[in-house]
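Just so you know, our numbering puts the end of the sequence shown at 1110, numbered straight through with nothing missing.
Treat the hints as calculated values from the structure; they're not laboratory data. Check the hints yourself; a few may be wrong.
Said to hold, decoys possible - The calculated lysine-lysine pairs, modelled on DSS-like cross-linking and capped at a C-alpha distance of 25 angstroms, are: (1) 1099 x 1005; (2) 1098 x 1009; (3) 1053 x 1020; (4) 1083 x 1104; (5) 1021 x 1056; (6) 1020 x 1086; (7) 1089 x 1039; (8) 1039 x 1005; (9) 1053 x 1026; (10) 1007 x 1026; (11) 1069 x 1009; (12) 1026 x 1009; (13) 1086 x 1036; (14) 1089 x 1099; (15) 1024 x 1052; (16) 1083 x 1026; (17) 1039 x 1056; (18) 1104 x 1089; (19) 1069 x 1098; (20) 1007 x 1053; (21) 1104 x 1024; (22) 1007 x 1056; (23) 1020 x 1069; (24) 1069 x 1056; (25) 1086 x 1104; (26) 1086 x 1026; (27) 1083 x 1005; (28) 1069 x 1026; (29) 1009 x 1093; (30) 1083 x 1099; (31) 1009 x 1089; (32) 1053 x 1039; (33) 1026 x 1104.
Said to hold, decoys possible - Label-pair distances were calculated between CB atoms; the ranges are: (34) 1006 x 1093: 12 to 20 angstroms; (35) 1076 x 1046: 27 to 35 angstroms; (36) 1097 x 1069: 14 to 22 angstroms; (37) 1025 x 1108: 39 to 47 angstroms; (38) 1022 x 1097: 43 to 51 angstroms; (39) 1089 x 1032: 19 to 27 angstroms.
Since this is a predicted model, take the numbers as computed values, not measurements. Positions of the beta carbon are idealized from the N, C-alpha and C atoms, including for glycine.
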Amino acid sequence: MTKLKIKRGDNVIITTGKKAIKGKTGEVIEVIRKEGKDARVIVAGLNIVKKHTKPSAGNPQGGIVEKEASIHISNVMLIDKNGKATKTGSKVEGDKKVRVAKTTGETL
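Between the sequences and the hints, there should be enough to build the whole structure, so can you do that?
See the structure below:
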């Protein structure tokens, strides 16, 4: 598996995809990695889909539930302090290796 540059809790902007969500920003809730498949992310409040659920013990009413769907990791980019999309690099500070925004040079 390749190393991912986006982690849970990062603020990201959606660069490509559906017209309704393109250009919007949000926080990464979850990063989904599967063996042999590409990585995907779930962004809070974006890419909402309606899912039809059967009644169950946890949800006795059933019905239509709205939830966030995953987005391919290549369709999102990190945001720097100025709110612009940025690539990431790495730098060693003391004994730690930290992520650095390429646009501003600040640590993420």
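Each hint tested on the structure:
A C-alpha spacing of about 14 angstroms is found between residue 1099 and residue 1005, which places the hinted pair at or below 25 angstroms, so the restraint holds. Proposed proximity of residue 1098 and residue 1009 is supported: the alpha carbons are some 17 angstroms apart, at most 25 angstroms. A distance of roughly 18 angstroms separates the Cα atoms of residue 1053 and residue 1020; the hinted pair therefore holds under the 25 angstroms criterion. Only pairs whose Cα atoms come within 25 angstroms are accepted, and residue 1083 paired with residue 1104 is accepted, the gap being roughly 12 angstroms.
Restraint check: the Cα-Cα separation between residue 1021 and residue 1056 comes to about 30 angstroms, which exceeds 25 angstroms; the hinted pair is violated. With a C-alpha separation of about 20 angstroms, the suggested pairing of residue 1020 with residue 1086 holds against the 25 angstroms cut-off. Proximity of residue 1089 to residue 1039 is assessed by CA-CA distance (about 23 angstroms); at most 25 angstroms being required, the pair is judged to hold. Restraint check for residue 1039 and residue 1005: satisfied, since their Cα atoms lie roughly 13 angstroms apart, inside the 25 angstroms limit.
For the suggested pair residue 1053 and residue 1026, the alpha carbons sit about 22 angstroms apart, so the restraint of at most 25 angstroms is met. Proximity of residue 1007 to residue 1026 is assessed by CA-CA distance (about 19 angstroms); at most 25 angstroms being required, the pair is judged to hold. Of the supplied pair hints, the one linking residue 1069 and residue 1009 holds, its CA atoms being roughly 20 angstroms apart against a limit of 25 angstroms. Simply put, residue 1026 and residue 1009 have alpha-carbon atoms about 18 angstroms apart, close enough for the 25 angstroms limit, and the pair holds.
Restraint check for residue 1086 and residue 1036: the C-alpha separation of about 29 angstroms exceeds 25 angstroms, so the hint is violated. Pair hint residue 1089 plus residue 1099 holds up; C-alpha atoms about 16 angstroms apart against a cutoff of 25 angstroms. Note on residue 1024 and residue 1052: the hinted pairing holds, with a Cα-Cα distance of about 19 angstroms set against a maximum of 25 angstroms. This hinted pair checks out: residue 1083 and residue 1026 have alpha carbons roughly 16 angstroms apart, not beyond 25 angstroms.
In summary, the hint linking residue 1039 to residue 1056 is not supported, as the alpha carbons are separated by about 29 angstroms, beyond the 25 angstroms threshold. Of the supplied pair hints, the one linking residue 1104 and residue 1089 holds, its CA atoms being roughly 6 angstroms apart against a limit of 25 angstroms. Restraint check for residue 1069 and residue 1098: not satisfied, since their Cα atoms lie roughly 37 angstroms apart, outside the 25 angstroms limit. Only pairs whose Cα atoms come within 25 angstroms are accepted, and residue 1007 paired with residue 1053 is rejected, the gap being roughly 30 angstroms.
Between residue 1104 and residue 1024 the CA atoms are separated by roughly 22 angstroms; this keeps the pair inside 25 angstroms, and the hint holds. Annotation: proposed proximity of residue 1007 to residue 1056 is violated, straight-line Cα distance about 37 angstroms (limit 25 angstroms). Of the supplied pair hints, the one linking residue 1020 and residue 1069 holds, its CA atoms being roughly 16 angstroms apart against a limit of 25 angstroms. Our distance criterion of 25 angstroms between C-alpha atoms is met by residue 1069 and residue 1056, whose separation comes to about 15 angstroms.
Among the hinted pairs, residue 1086 with residue 1104 is consistent with the structure: their alpha-carbon atoms are about 11 angstroms apart, no more than 25 angstroms. Straight-line distance between C-alpha atoms of residue 1086 and residue 1026 comes to about 11 angstroms, which keeps the hinted pair within the 25 angstroms bound. Between residue 1083 and residue 1005 the alpha-carbon distance is near 23 angstroms, which keeps this suggested pair within the 25 angstroms criterion. At roughly 17 angstroms between alpha-carbon atoms, residue 1069 and residue 1026 fall within 25 angstroms of each other, so this suggested pair holds.
A threshold of 25 angstroms between alpha carbons decides the hint, and for residue 1009 with residue 1093 the separation of about 17 angstroms falls inside it, so the pair holds. Simply put, residue 1083 and residue 1099 have alpha-carbon atoms about 20 angstroms apart, close enough for the 25 angstroms limit, and the pair holds. This hinted pair checks out: residue 1009 and residue 1089 have alpha carbons roughly 14 angstroms apart, not beyond 25 angstroms. Restraint check for residue 1053 and residue 1039: satisfied, since their Cα atoms lie roughly 24 angstroms apart, inside the 25 angstroms limit.
For the proposed pair residue 1026 and residue 1104, the alpha carbon gap of about 21 angstroms is at most 25 angstroms, so the pair holds. Between residue 1006 and residue 1093 the C-beta distance comes to about 18 angstroms, which sits within the given range of 12 to 20 angstroms. Between residue 1076 and residue 1046 the Cβ separation comes to about 19 angstroms, which falls outside the hinted range of 27 to 35 angstroms. A C-beta distance of roughly 41 angstroms is found between residue 1097 and residue 1069, which places it outside the suggested range of 14 to 22 angstroms.
At roughly 23 angstroms, the beta carbons of residue 1025 and residue 1108 sit outside the given window of 39 to 47 angstroms. Range check, residue 1022 to residue 1097: about 45 angstroms between beta-carbon atoms, so the 43 to 51 angstroms window is met. Between residue 1089 and residue 1032 the beta carbon distance is about 22 angstroms. The supplied range of 19 to 27 angstroms therefore holds.
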